[in-house]
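Chains as they are written, first to last, in my numbering: chain A, 1 to 113; chain B, 1 to 111.
Just to be clear, a hint being listed does not mean it is correct.
To be verified - Derived DEER-like restraints, expressed as beta-carbon distance ranges:
| hint | chain 1 | residue 1 | chain 2 | residue 2 | range |
| --- | --- | --- | --- | --- | --- |
| 1 | A | Leu11 | B | Arg66 | 38 to 46 Å |
| 2 | B | Asn3 | A | Tyr100 | 16 to 24 Å |
| 3 | B | Glu56 | A | Thr113 | 46 to 54 Å |
| 4 | A | Thr38 | B | Glu56 | 29 to 37 Å |
| 5 | B | Pro7 | A | Thr14 | 34 to 42 Å |
| 6 | B | Val50 | A | Thr14 | 40 to 48 Å |
What the hints contain is simulated information worked out from the structure, not anything from laboratory work.
In this text, all values refer to a predicted model and were calculated from it rather than measured experimentally.
The C-beta atom is built at its ideal place from N, Cα and C for all residues, glycine as well.
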Amino acid sequence: KAGVTQTPRYLIKTRGQQVTLSCSPISGHRSVSWYQQTPGQGLQFLFEYFSETQRNKGNFPGRFSGRQFSNSRSEMNVSTLELGDSALYLCASSPGQGWYEQYFGPGTRLTVT
Amino acid sequence: GQNIDQPTEMTATEGAIVQINCTYQTSGFNGLFWYQQHAGEAPTFLSYNVLDGLEEKGRFSSFLSRSKGYSYLLLKELQMKDSASYLCAVRGNTGGFKTIFGAGTRLFVKA
């Protein structure tokens, strides 16, 4: 069974631009969570989607948004990029909402200049 | 709110045993997880505890005490490949179930 895939793997953007990251969960998994990982803050929860609905949200500004499609694929969008948004963005999938084990994708490394 | 504390770094010798501690504060506790993350790679699931006690899985064991808000990950017969970051994570119910990760403990295994 294929693992979680994320595209693109690397991205360089300029301050003020917006970016869209994509995540395809493991086949049959319906829950997708997004995390931001930085050396200083560690892994921080962004949001969780299940059945095309945002179920939980972390403490990030409204510039961070996401959605989930009927095939469980998910996208997250960051608008008006700031230098501090440079991070590794990880997507994790699980069979259902609140399932205890999450499977992480390789991440998208975003650099904002 | 939720808070997780774990040591920043630890060093141990190949073949030895190491214990990585984690203390947490959360509302509506719904499970504690340990993940391993090698440099430049995604985290991989190691263990899950929801009841007090020890869960053993091969060379790795994880312990939980809910009353003390405390967990540890025990790694036996250390191998060089165990050099990685170990992330403690807690799922709590604060306006919805959320999994919060600690900053991670970087383990260096030396020969």
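Tested hints:
1. A:Leu11 - B:Arg66: 38 to 46 Å: Roughly 41 Å apart at Cβ, these two residues keep to the hinted range, so it holds.
2. B:Asn3 - A:Tyr100: 16 to 24 Å: holds, 21 Å
3. B:Glu56 - A:Thr113: 46 to 54 Å: holds, 47 Å
4. A:Thr38 - B:Glu56: 29 to 37 Å: Check passed, 33 Å falls within 29 to 37 Å.
5. B:Pro7 - A:Thr14: 34 to 42 Å: Distance hint for B:Pro7, A:Thr14 holds at roughly 38 Å.
6. B:Val50 - A:Thr14: 40 to 48 Å: Since the Cβ atoms of B:Val50 and A:Thr14 sit about 45 Å apart, the hinted range of 40 to 48 Å holds.
Against the hints set out earlier in the document, no violation occurs for any number.
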